[in-house]
Structures are given as structure tokens and as C-alpha cells.
Amino acid sequence: MKKPKVGFYWCASCGGCEEAVLDLAEDILGVVAAIELVFWPVALDFKRSDVEAMDDGEIAVCFVNGAIRTSEQNEMVKLLRKKSQLIAAFGSCAQLGGIPGLANMFNREEMIKEVYLRSPSVNNDAEITPKEDIQVNEGNLILPALWDTVKALDHVIDVDYFLPGCPPPVNLIEDVFNMIVEGELPPKRTVLAPDVALCDECERREKKPDKLTLKEFKSPFEINIDPQECLLAQGLLCLGPVTRKGCGGACIKANMPCTGCMGPTGRVRDFGAKALTAIATSIDSKDEKEINAIVDSILDPVGTLYRYSLPASFLHRHYEKMLIGGSK
Amino acid sequence: MSTVGTGSNDKCKIGVYVCHCGINISSKVDVSKTVRFAAKLPHVTVSREYKFMCADPGQDLIQQDIRDGRINRAVVASCSPLMHEPTFRNTMAEAGGNPFLFQMANIREHVSWVTLDNTAATEKAMSLISAAVERVVFHQPLMPNRVPVHPDVLVVGGGIAGIHAALTLADAGQKVYLVEREPSIGGHMAKFDKTFPTLDCSACILTPKMSAVRAHSNITLWSYSEVIGVDGFVGNFKVRVRRKPRYIIEERCVGCLDCIEACIYKSGKVPDEFNEGLVKRKPVYIPFPQATPLVAVIDAKTCIGIRTGKCKMTCIDACERDAIDLNQSEEINEIEVGAIILATGFKTFNAKRIYRYGYGKYSNIYTSLELERMVNAAGPTGGEITLKNGQKPKAVGIVHCVGSRDNKTNKYCSKVCCMYSLKLAHLIKERTGAEVYNFYIDMRTPGKGYEEFYDRLLEENVHFIRGRVAEITDWVMTPEEEGKLVIRAEDTLVGVVRRVPVDMVVLSVGLEPQPDAEDVGRLFNISCTREGWFLERHPKLAPVSTFTDGIFLAGACQGPKDIPDSVAQAGAAAAEALALIDRGYVVLEPNTAYVQDELCSGCKTCIDLCPYGAISFDDEKDTAKVNGALCKGCGTCVASCPSGSLQQYLFTDDQIFSEIKGVILYA
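As they're listed, the protein sequences go chains S and F. Note that the numbering used here has the first sequence beginning at 24, numbered continuously upward. Note that the numbering used here has the second sequence beginning at 5, numbered continuously upward.
No wet-lab data here; the hints were simulated from the structure. For glycine and all other residues, C-beta sits at the position ideal for the given N, C-alpha and C. Hints should not be assumed to be uniformly reliable.
Claimed, not checked - In silico SDA-like links for lysine to any residue, alpha-carbon gap of 25 Å or less: (1) S:K312 - F:A643; (2) F:K305 - F:C257; (3) F:K665 - S:D293; (4) S:K211 - F:V141; (5) F:K392 - F:S367; (6) F:K270 - F:P384; (7) F:K270 - F:V258; (8) S:K309 - F:S620; (9) F:K270 - F:K316; (10) S:K230 - F:E602; (11) F:K273 - F:C315; (12) S:K312 - F:P615; (13) F:K314 - F:D329; (14) F:K433 - F:P505; (15) S:K234 - F:D623; (16) F:K636 - F:I664; (17) F:K625 - S:A256; (18) S:K309 - F:D329; (19) F:K629 - F:F551; (20) F:K213 - F:H192; (21) S:K312 - F:K316; (22) S:K309 - F:E522.
As the list claims (entries may be wrong) - The following label-pair restraints were derived from C-beta to C-beta distances: (23) S:F244 - F:M147: 54 to 64 Å; (24) S:R212 - F:M147: 24 to 34 Å; (25) S:K312 - F:A381: 46 to 56 Å.
As the list claims (entries may be wrong) - Partial chain F-side listing against chain S, Cβ under 7 Å, derived: (26) A399; (27) L603; (28) S605; (29) G606; (30) C607; (31) K608; (32) T609; (33) I611; (34) D612; (35) L613; (36) A643; (37) S644; (38) P646; (39) S647.
Could you put the whole structure together from the sequences, leaning on the hints where they help?
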């Protein structure tokens with residue numbers, strides 16, 4: 024039997040997703056034996072021209088990680104879409120916009136200023152900032168354009184499957200490879216993880232009270248976290264109830280609250296909004312002032328509740344800035 | 005909950021019917037244009053208009069289209085669903101369609117009545133029709149559940165309202181449980197001497213009814229008892245009643261008073277609640293001579309036998325019937341009833357809250373209820389109105405609106421105070437011949453024979469001074485004020501500030517909700533108004549119903565009321581309960597929430613949120629579960645579910661989002 028051709032590509036991502044593939048450890052040998060790797064720039068020396076030379080649909084599955092925020096990424100994923108039968112968004116950045124998606128709270132000009140001029144670790148008296156098109160002695164240099172708005176993969180191309188997580192858990196990655204090798208594919212647009220929230224597999228669920236009565240939300244560094252008690256009951260903003268399971272509660276086993284990287288269940292259209300309603304129910308006060316004070320104890324609400332999903336949310340981005348920058 | 009028919013699998017064929025509502029809609033909305041617009045919407049096979057969709061010919065249009073197979077879903081664009089949703093659902097069902105494959109677009113209350121511009125109104129109507137069409141595509145065929153009704157009724161509170169409701173139901177052949185918190189039924193009415201405006205002896209008209217309660221074979225009377233738990237839903241309530249220990253075996257006691265006589269306390273030790281604390285009672289007592297049941301009760305807080313065990317327990321020796329049991333413990337009874345009538349009454353305003361009136365500071369200032377006891381022939385003074393020094397007062401001031409119509413205490417009018425103040429004025433005048441001064445803001449005497457009673461008082465030379473009393477003081481300014489209480493008020497009819505010296509002051513205290521009304525409301529799943537009165541379902545058209553089906557209100561727990569109104573309302577509540585029982589079943593609206601078991605993570609976010617107690621945690625499956633019969637379809641749990649595993653029939657996410665999409669797509 025002919026081995027299915029598989030590609031990997033990364034866009035706006037940290038590289039963690041690529042490492043997650045290596046977390047398969049020795050199991051990766053079985054994977055490599057069963058498939059043919061035709062494109063994986065981070066690990067092997069493939070060029071764009073190699074992809075361009077392929078027939079349309081030649082790649083059986085291409086895994087794309089990272090959000091889309093440059094013209095180059097946009098071009099590459101469109102090319103890969105053409106050359107691949109199936110595209111799988113790999114990890115929360117590709118699925119929902121991920122951590123880079125929080126840039127949607129600002130615009131391009133602000134970000135460039137912050138990174139190249141204002142950052143305390145930068146010494147840039149000449150105020151040099153990246154330019155898309157610049158004339159130097161050697162000729163005209165063109166860089167990919169940085170977009171004003173970070174997008175999830177399916178905002179720019181059709182996506183067949185989504186593998187959630189930051190990064191996706193090893194067992195789910197294995198399942199996907201097996202699925203491809205066996206050729207047993209679920210319906211299009213399936214999120215390849217169980218469609219139940221994390222509490223279901225949480226070891227501390229028994230300890231969760233019927234009613235949470237929180238007077239303050241705390242950050243993990245502020246308290247001695249009890250390793251057995253429900254983290255929400257301890258005042259930590261654990262997003263387990265909102266987040267899809269499949270990770271085995273890795274963070275919770277490490278005594279840290281769930282930050283929601285596995286994204287919402289298939290029935291939820293907006294992760295942060297759902298998280299907010301769930302949190303609102305646990306606030307133990309009927310006094311508006313006190314409620315405001317409790318809510319104010321959530322530091323960085325967008326960064327907490329939409330940590331991985333701002334571009335895919337109803338909010339999408341900071342509205343005022345969209346008018347200034349213009350979304351591409 | 006069950007789904008019926010094959011509607012969801014059929015090809016979706018939607019009929020849109022736009023109503024003119026005479027000219028209510030058509031004067032603002034270009035109906036023909038909306039009909040042409042609707043015809044082009046997806047899945048719409050029929051689009052029609054009619055002058056009155058709710059009239060038979062209008063409904064026939066829908067039915068004919070269903071029978072001819074042209075449509076299997078319908079959108080009617082007309083008035084508010086509150087008005088005619090049941091009508092059109094019926095229309096659907098009668099023609100063999102499913103009543104829930106239907107959606108209304110409200111283009112009257114939401115459009116034509118509130119939009120000035122005709123073009124804008126038409127646009128808005130079209131966007132709402134578009135939304136309804138998008139939504140009805142996702143409607144599922146549903147069937148409401150029928151649940152049988154338990155024929156017994158619980159009446160909570162044994163004042164005149166509760167007594168009347170219980171007797172009405174019992175006379176109709178229904179089995180009634182009457183639960184009263186105090187040792188005896190009778191409520192406030194039992195404390196009154198006379199009733200206005202007829203001056204009937206209160207006890208003479210009340211006690212026969214109290215005896216009837218005691219004797220009625222259909223009534224189970226539990227006095228000195230409280231409801232502590234209510235589960236279930238209309239037609240099928242499960243109620244837990246705590247019977248407090250009275251340390252007297254009720255079946256044995258005949259009310260002979262021997263134990264009271266024999267108590268080692270030779271005189272009263274504890275303020276007598278029934279007499280508003282004007283006198284003291286012993287730890288073992290019978291609240292009043294006509295108490296029902298006529299059974300003694302021992303107050304565990306003050307009986308030294310129960311408290312310390314060190315007492316000669318002379319009461320036990322005195323009781324020939326061995327009715328005293330100092331080791332009695334409370335008893336919890338569980339009952340099942342189909343309907344509940346709440347008649348938990350009111351409390352009177354605490355006059356100490358208005359310190360300027362000197363209640364509790366000066367002697368010879370009484371609340372109206374204290375005076376009721378004083379003028380009562382069976383009261384502590386045998387009906388004599390006397391000052392603390394034993395003399396009869398020569399001048400008495402009656403201050404109206406104490407704790408009523410006052411921004412600082414209660415804004416509302418307590419409704420009964422003007423009339424009872426007139427009654428007390430009459431009785432004081434009759435018994436003492438004193439000059440009586442009524443200080444009032446407005447005299448409010450609407451009611452049969454009430455204004456005539458006021459006229460009579462005017463003829464009896466009772467003084468009326470229009471003005472809210474500023475203060476009551478013993479600070480005298482003239483020799484004739486010496487030793488008197490001085491009432492200071494602006495006489496607003498004359499425009500002068502008056503100082504009226506009197507010997508006695510009566511504060512006409514207003515009515516307030518029971519202090520635990522909020523808790524009781526929560527127990528029975530009903531709401532309270534801002535003040536704490538139980539909230540009726542509709543102030544005009546459902547005045548004794550509540551938002552919890554099967555729970556009805558009677559008497560002053562719903563708001564200040566006099567005796568005739570309380571009795572009338574009690575009769576109405578009894579009739580509502582009877583109507584429910586007589587029908588024998590309840591139909592439950594299928595807009596309930598449901599848990600998608602296999603998708604629920606068991607995070608418990610929803611468990612404590614349900615205002616109707618419909619959600620519980622299934623420890624076996626580790627998921628939430630909704631009792632569809634208890635669920636009112638408020639959607640709180642559905643919105644809260646962090647993983648979207650709770651959904652609600654008639655309000656699924658698909659339905660709501662497609663509705664929004666319908667509006668946005670149009671725009």
C-alpha cells in the first residue's frame with residue numbers, strides 16, 4: 024500500500040506544536056514508517072518550490088500550526104490547501120487564533136512601536152522599524168506584510184479538522200496519525216478531541232461543591248494551592264468547566280488551573296463569553312459594588328478568558344483599532 | 005418530554021401569514037410588501053395576508069394550507085405571542101400539524117404601535133419576519149406533557165384568609181391541611197374587638213369559623229407547625245411540615261386550664277403575645293379563651309422544668325388526663341398536595357422606628373393593636389380604656405399613617421388604618437367619653453359603608469386634624485399642657501402649627517410583610533415585591549395566582565387588605581385551587597431545559613442556579629439532571645452551562661442564533 028503523504032507547516036506559533044510531534048518519542052518511528060513526510064520546514068530542508076512542484080491534492084494531510092498574521096503565511100497556507108486533500112489545524116493558534124491572537128487587542132503600529140522602540144530592553148536610537156519594502160545597497164528587499172489582525176486558519180482557508188491544545192496532547196496526535204493510516208476519517212470540520220468539558224476527567228471533580236461562593240479571584244502565586252481540592256473552590260480561575268477535555272487534566276495534575284487551551288466544546292460558539300457566564304455564577308454577592316470589586320480581582324480579563332480564542336470569538340478584535348488599521 | 009410526528013424529517017415548507025390587525029398594523033406597515041418579501045425567503049412556500057389572522061377565516065387559511073400539504077410550519081406576523089400564540093398553536097394542532105412548528109413575529113407591539121415612520125415600520129416588520137422564518141426552520145415537533153393533579157390542598161396560615169380558604173375547599177369535598185405557626189388559629193382578627201364599619205363583634209363572627217375548622221372532617225389542622233420544605237410542582241407538591249413540640253399531648257388535652265393554674269409560677273412571667281405584651285402569661289398557657297385547638301402549650305424557653313429539669317412539675321400532677329409530656333420532640337410530617345394557598349398574613353409596623361412619636365419612651369402611647377386588646381372585653385383590662393395610673397383619659401390623639409405613606413419607612417398606603425382608626429375613635433368615645441383627635445394626611449374610606457361610617461364619626465364630634473404629626477412630646481409650654489402628652493402637627497387646612505395636649509396617644513401602625521416573607525417566598529418558589537409582599541401573577545387578571553403554578557395567595561401576605569378583601573381573595577384562591585383539582589391534570593409548556601447526558605462534564609455550575617429547584621446532580625451518572633416537570637423554562641441554567649450541554653426546547657442555540665441571523669441578513 025502506498026504511504027500517505029504528510030506535510031507540516033508553521034505560521035504564527037511558538038514552535039511548541041512542532042515539539043509536541045517529537046513528544047511522541049519512540050512512537051514517532053512507527054509514524055514515520057507508516058507515512059511519507061513530504062514537507063516539514065522546521066525539521067527537514069524543504070523549499071516552497073518543492074510544494075509548488077507537487078500535483079494538486081498530492082499531500083494526503085497537511086498539519087498547519089500557528090495563527091495567520093502575515094502575507095507570507097496567508098500565501099503558504101493557500102498553496103498548501105491546493106496541494107493537500109485534507110488540512111488539519113494543529114493546536115490552538117491555528118484552531119482559534121491562540122496566544123498571538125491577543126494582539127487583536129492592539130493594532131500593528133502600536134505593536135511595532137512597543138516591540139522596536141518602547142520596550143525597556145531595546146536600544147534603538149535610530150528608531151529603525153521593520154519595513155515591508157526597503158531599498159538597500161544590494162537592491163530592493165521585500166518582507167512579508169504584518170497584518171493588523173491575527174486570524175485563525177479557517178478564516179483564510181477551508182479547514183477539514185481541528186486538533187486542539189497548546190500544544191495538542193500526545194495521545195490525540197497519535198490518534199490522528201492512526202486515523203490517517205487506517206483511513207477512518209470523521210466528518211469534515213470535526214474537532215479531534217472528546218466533546219465533553221474537562222471536569223469530566225478531572226480528579227478533583229468530586230471535591231467541587233454544588234455552589235461556589237467566591238469573594239475574590241486569586242492568581243496561583245498568591246496562595247498555597249491545595250493539591251486535592253477543586254481549584255475553582257480555592258478561588259483560582261480554572262477554566263476546566265468551559266474547556267474541552269482530552270488533555271487528561273495535565274495542568275491540574277501539576278496543581279495549576281486550566282487556562283482553556285483545548286478550546287470550547289462543539290456546542291459553544293464563544294469561549295470567553297461562556298467562561299464569563301460560568302464565572303459570574305460563582306460570585307457570592309448580591310451587592311453591585313462588591314460584585315464589581317470581585318470582578319476587578321480578575322486580572323487581564325481578555326487575556327484570561329480569551330487567552331487562546333480572541334480571533335475566533337464574536338469579539339474578534341478591538342473594534343476601535345480595526346477602524347484605524349483596517350483588517351486584511 | 006417527547007417529540008412526535010415526522011416534522012423534523014419532512015422537507016421544510018413554511019407558510020407566512022401577515023395580519024393587518026384591522027388598521028393597527030396596516031396603517032404603519034405596508035403589509036403587501038412584507039408578504040411579497042416573505043415569499044422569497046428560504047423554505048417559504050406560502051405567503052399570505054389577512055385582515056384579522058386571529059379570526060376564524062384567518063385561522064382557516066393556515067389550516068387549509070396544512071391540509072392541502074402546502075405547508076408544515078407556520079409564521080404568523082401579528083401581535084404579541086402573549087396574546088395569540090396559544091390561538092395559533094391550536095390552529096396548527098387542529099389541522100393535524102404540530103403546534104410547536106410555529107413562530108410568531110410581533111409586528112404590532114414591537115413595530116406598528118411604536119414606530120412613527122411607515123417606511124421604517126415596514127423594514128422592521130420584514131426583518132422580524134425574516135428572523136421568524138430562519139428560526140422556525142430549527143423548530144422541533146414537541147408535545148406538552150399532561151400530569152395528573154393530586155386532589156389535596158395545603159393552606160399555610162390560619163388567619164381569617166386561611167380559615168376561609170380551608171373551609172371553602174373542605175366544604176367542596178377536598179381534603180385540606182391547614183398549617184399555622186402559632187399555637188392557635190385566628191390570626192390578627194382574633195385580637196380585634198369590633199370590625200369596621202358594621203361594628204360586629206370580631207370574635208362573634210370569627211369563632212364559629214374557627215370551630216368549624218376544628219370540627220370539619222376534611223380539614224387536618226396542624227397548629228404550632230411550620231412548612232420547612234416544598235418539592236415538586238403544580239399538581240404534585242411534596243411538603244414537609246415541622247410540628248413543634250408543645251409538650252402537651254394534643255389528643256388528651258381538653259383545655260381545662262388545670263395545668264396553668266398549677267404552674268409553680270403563681271403569676272405571669274412572660275409577655276403575653278396575644279395581648280401584645282400588655283400583660284404577662286405563664287410558661288404553660290392557652291393563648292386566648294377561644295383558641296383553636298383549645299390545647300395548652302408549654303413555652304420551652306421559659307419553662308424551668310424543660311430548661312433545667314429542676315421543678316416540682318406541679319403541672320404534671322395537676323393534669324388528670326396525663327396530657328403533659330415534657331420530653332416531647334418535634335415531628336416531621338410529609339404530605340402530598342396538588343395546590344398550595346399561602347395566607348401567611350402581615351405584621352404591624354414597629355412604632356419605635358419613628359422615635360419622634362415617643363413610643364416606648366413615654367407611657368400612655370399605644371399602638372393600634374395594643375388598643376384593640378385594651379378595648380376587647382376579653383382583653384387584659386376587660387375592655388376598660390385606662391391610663392397607666394388607672395384613670396380614664398380625657399383626651400386621646402390618634403395618629404394615622406405611622407409607617408405608611410412615608411418616604412422614610414413605607415411609601416405605600418396600608419389601606420386599613422383610616423378605617424380602623426375611625427373604629428377605635430368611636431370605641432374610645434363610646435367607652436370613655438374622651439375628646440378624640442384624629443391626625444390624618446388624607447381620609448381614605450372607599451368601601452361599602454365606609455364613607456358612611458366616616459360621616460357618622462364626624463357627627464359623633466370626633467376631631468379631625470389634617471396634617472402629619474411632627475412629634476409627640478412631654479415638653480410642655482403652657483399650664484394646660486402640664487402632665488400631658490403634646491401632639492405637634494401642622495393643621496394644613498387652617499395653615500397653623502397645632503399643639504394638642506392629650507392623655508393618651510394611639511399610633512395607627514401600618515401593615516408590613518412578615519419578617520420572614522422573603523424566606524417563605526424562597527421556600528415556595530414565589531417572588532416578593534420590593535417591600536416583601538408576595539407577588540401575584542398579574543395585578544389585574546391573575547391577582548391570586550403566582551408565577552409558580554399551583555401556588556395561590558390569599559389575604560394580606562399579598563398586600564395590605566381588610567377582612568372583606570381577605571375573605572374574598574381567600575374564596576378566589578380556593579376557587580382557583582378547585583379549578584385545578586377539578587380538571588384533574590396539568591399541561592406543562594414544553595420549553596424546558598434538558599441535559600445532553602453524554603456531553604455533560606458534571607461541573608455542577610448549574611446545580612445551585614435553578615430558581616425552581618429543577619436541577620439536581622445525578623451521582624450515578626455524574627451529570628446534571630433536569631426535572632422537566634419543575635422546569636419553568638427560564639433558561640438560567642442553559643445560559644450558564646459552560647460546555648453548552650444544557651439546552652432548552654423552543655430556545656436552542658440554533659433557534660436563537662438563526663433568529664439573530666434572520667435580522668442581520670435582512671439588514
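Looking back at the numbered hints, which does the structure fail to meet, lowest number first?
Hints 18, 21 and 26 are the ones this structure does not satisfy, whereas the remaining hints hold.
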